[in-house]
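Read off the chains here:
There are 2 protein chains.
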Amino acid sequence: MTDTAEAAKSSTATAVEEEPKAKAAEAPSTEDKKDTGAEDKKKKEEAEEGGGKKEEESAKEEMRAVVLHGFGGLKSVKIVKRPQPALADGEVLIRVQLCGVNFQDLMVRQGVTEAPPKTPFVLGFECAGVVEAIADDVEDFKVGSRVVAIADHRAWAELVPVPSKFVYAVPDNMPLQEAAAITLSYAVAYILVHELAAIAPGQTILLHSAGGAVGQAVCALCRHAGNVTVIGVASKCKHDDIRSSVTHLIERGQDVPSEVRKLCPEGVDVVLDCQGGEECNRGYSILKPFGRYVLFGSSNIVTGETKSFFSVAKSWWQVDKVSPLRLHDDNKSIMGFNFRRFLHHQGGEEHVKRVLESVYELWKEGVAKPNIDSTFALEDVTEAMAKMHERRNVGKLLLDLSMEAKPKPTTPAKTKKEDKKETKEEAKDEKKENEKKDNDKKENEKKENEKKEEAAKEDTKEAKAAEEK
Amino acid sequence: MTDTAEAAKSSTATAVEEEPKAKAAEAPSTEDKKDTGAEDKKKKEEAEEGGGKKEEESAKEEMRAVVLHGFGGLKSVKIVKRPQPALADGEVLIRVQLCGVNFQDLMVRQGVTEAPPKTPFVLGFECAGVVEAIADDVEDFKVGSRVVAIADHRAWAELVPVPSKFVYAVPDNMPLQEAAAITLSYAVAYILVHELAAIAPGQTILLHSAGGAVGQAVCALCRHAGNVTVIGVASKCKHDDIRSSVTHLIERGQDVPSEVRKLCPEGVDVVLDCQGGEECNRGYSILKPFGRYVLFGSSNIVTGETKSFFSVAKSWWQVDKVSPLRLHDDNKSIMGFNFRRFLHHQGGEEHVKRVLESVYELWKEGVAKPNIDSTFALEDVTEAMAKMHERRNVGKLLLDLSMEAKPKPTTPAKTKKEDKKETKEEAKDEKKENEKKDNDKKENEKKENEKKEEAAKEDTKEAKAAEEK
Chain A
1 MTDTAEAAKS STATAVEEEP KAKAAEAPST EDKKDTGAED KKKKEEAEEG GGKKEEESAK
61 EEMRAVVLHG FGGLKSVKIV KRPQPALADG EVLIRVQLCG VNFQDLMVRQ GVTEAPPKTP
121 FVLGFECAGV VEAIADDVED FKVGSRVVAI ADHRAWAELV PVPSKFVYAV PDNMPLQEAA
181 AITLSYAVAY ILVHELAAIA PGQTILLHSA GGAVGQAVCA LCRHAGNVTV IGVASKCKHD
241 DIRSSVTHLI ERGQDVPSEV RKLCPEGVDV VLDCQGGEEC NRGYSILKPF GRYVLFGSSN
301 IVTGETKSFF SVAKSWWQVD KVSPLRLHDD NKSIMGFNFR RFLHHQGGEE HVKRVLESVY
361 ELWKEGVAKP NIDSTFALED VTEAMAKMHE RRNVGKLLLD LSMEAKPKPT TPAKTKKEDK
421 KETKEEAKDE KKENEKKDND KKENEKKENE KKEEAAKEDT KEAKAAEEK
Chain B
1 MTDTAEAAKS STATAVEEEP KAKAAEAPST EDKKDTGAED KKKKEEAEEG GGKKEEESAK
61 EEMRAVVLHG FGGLKSVKIV KRPQPALADG EVLIRVQLCG VNFQDLMVRQ GVTEAPPKTP
121 FVLGFECAGV VEAIADDVED FKVGSRVVAI ADHRAWAELV PVPSKFVYAV PDNMPLQEAA
181 AITLSYAVAY ILVHELAAIA PGQTILLHSA GGAVGQAVCA LCRHAGNVTV IGVASKCKHD
241 DIRSSVTHLI ERGQDVPSEV RKLCPEGVDV VLDCQGGEEC NRGYSILKPF GRYVLFGSSN
301 IVTGETKSFF SVAKSWWQVD KVSPLRLHDD NKSIMGFNFR RFLHHQGGEE HVKRVLESVY
361 ELWKEGVAKP NIDSTFALED VTEAMAKMHE RRNVGKLLLD LSMEAKPKPT TPAKTKKEDK
421 KETKEEAKDE KKENEKKDND KKENEKKENE KKEEAAKEDT KEAKAAEEK
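Keeping their order, the protein sequence lines are chains A and B.
If you're matching positions, the first sequence starts at 1 in the working numbering and goes up one per residue.
If you're matching positions, the second sequence starts at 1 in the working numbering and goes up one per residue.
So here's chain A without its partners, still in its complex pose (with noise of 0.2 Å):
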């Protein structure tokens, strides 16, 4: 099933659902018995996400969160009636009103993201809103500022409590809307742009996913800094849109290596990659010398709705590895850059707080500009995540929490002419990966069924431990 079906379908099953009591409270329980020292926290958040502690569900009210079920495809996420969430040490209780959609939303749902929490869970990295509480040791910020957060995980409720390192400060007289639309977006292109790349005028710069949030914030730097030659890769749906923030494009699918000669023979200054696979041997092959090919995801992982061994090992045997003493001979470099890791695992919050400020500055120039491509209901997630797993989007996708669950101007519902369209080109899509697949498959066969011996014995693995449980 495309994932366009499968959106309508869940969008029609998810008018918000009473979590099951029963389950709702089994869950804590069942956590405690594994509880190792270590994990505490870890498991706590897990164990009110599972429905809260006991004594205090039945005081607490309750609020609308998207939890995701189990990893899969879009029928694994449902919007749920939970308990609201207690408030931590460090951490700022924030009344959501808008939530980004990212591509990781969906590398989460399908599980190919490392140690991703255990479902069932509140999805979502990004929220904006208002400031509901503040835990007693944090100085920060006032009850009713208005703020961004760049959660690691479960930013996909309306109310949702985030350490305070992760929340920023929206500046008077931005809009709600605007910060949610450029907080992250901005922050990852301002590092790629400015800190990895450290684009100069005069340099030429290859962008995969050109009419992404992330890309088009890439774009609007560029422009800023001067004199910046962009070849942008996008669907060609997107072209149309995004012609004028790109010196030229390139058709999503081409050999794109051939296509950047032909525009730009001596090759590229900087390659921007956030697909990964084949890409990143291509992306080297075309940089000048000095060159930089930096790495920021691994979008091309994700293929069909539900997570594809196959694709997430090729995503892996695919790229080739590089010797250093090939980037002496060479002259280029090999950058990588994670931007949830850095934030949420290896410290980086102060390197990011200086970012927004530099984003924030930008857009008060004018230069940040929000990029909303649309904004649906909470109830409608499906069919956003959809939306960017065909890559339909231009800008930014949000989910506006004050919008009902229907079609709405802002969120216009597809015509049947648009939907015709749309599964022509999906049923295109579909041949041609399955000729993509078949070409390949007989020389992977072999990995991938390693890969799913592997997955099997873990599939064992854990149903013995359950049982044993």
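In short, the hints are calculated from the structure, not lab data.
Since the structure is predicted, the reported quantities are computational estimates derived from the model, not experimental observations.
Do not rely on the hints blindly, as some may be mistaken.
Treat identical chains as interchangeable: a pair holds within one or across any two.
Stated by the list, open to error - The list that follows gives simulated cross-link-like pairs (lysine-lysine, BS3-like), each with its CA atoms no further than 27 Å apart:
1) Lys288 / Lys165
2) Lys288 / Lys262
3) Lys288 / Lys321
4) Lys75 / Lys142
5) Lys364 / Lys165
6) Lys118 / Lys78
7) Lys364 / Lys118
8) Lys353 / Lys288
Once you've looked at the hints, dock chain B against the given chain A.
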């Protein structure tokens, strides 16, 4: 034989020699036979080195030059009389007063650089002097102007023709000796510190070969950047001299990562490595998130006085290849920088010109300071090379063409005591190296044999080719 002993012997043997007329005269014709269209220019240059065009030769005056007669030890380096070179289009003829000695010169002598000229040829990459003549199509310079040049080999002679794009005007008031000392070292250091590593206040860098000319230039630029912690690695004998230029010192040969972890458990922001080999893997391991490892040389290739298949092979197979996906996960970067290749073979001339404008500005501000270890007469070049080989220089080694080939106050003669000390240290070093070799031998024997076989094949090929002529 150690380099020092060899240097002493060579030194006495290198009283200017007259190059055998027969050989000099024959060389061009031999070269002519082999000419194949595309290589015309190179062959012409080689022919000139072989003795110059026959018809011009008698009319020309002679000059001194440091000529490499075959790849190998110090014995292959001779001071010979050569016909003065002709000036080609786009070139500037420089009457040389000073030459810079670089580690690359040792590598060229051993024949471990990529595509060196055919022997015999004039050694050296750096010279400074006064413009003697200018080709008709060169507009940037005037006869009599003081210049520095970074040549593609062939810089160690009394008269050196260099394409004008590799020649730099010495700023007024800058003594020629200072220009000779800072130009190349600071160009490399500037690109390392300000462009590749992009060192910022508050950061920590690990700097290999901290006592060399480039290393000392890096220290000066970091000091100027302010609040940069420099952990320098250098031979023990240099520690007293360079202690004030770095924050911490580690002895060369120690377990660098462990020592670094003792000083800063969280790792470093930047590693600047001109050694290669195992240091590559070690360097990567001690990087903080967002850290950059910059490989800008592979001096580990040079062990003994002559080329060692073992060390060349080892410098390659020791280096782990890295997947860009790992860099993405780790939030790290690996950057390669090969200055000479960039400047001479990858069109980096405008880039380097811009860099040198900044360097000369920094000289005016008192930031870029010449750090001259010692100055040698042209005839004492092997002594300079030996000093560099044994890592005894702190800062720049220069050849001064006006100096006479005998011990001078600026080139203090070695006392017997010093000599003894050095011999002891060398013996220790040799012992250490032998032990290391023994340990590695078994696992590496196979690879070495393969390399040797390849080399033997190459030799056989060359011998056959020679026979066929």
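Structure-inconsistent hints, enumerated in ascending order: Hints 4 and 7 are the ones this structure does not satisfy, whereas the remaining hints hold.
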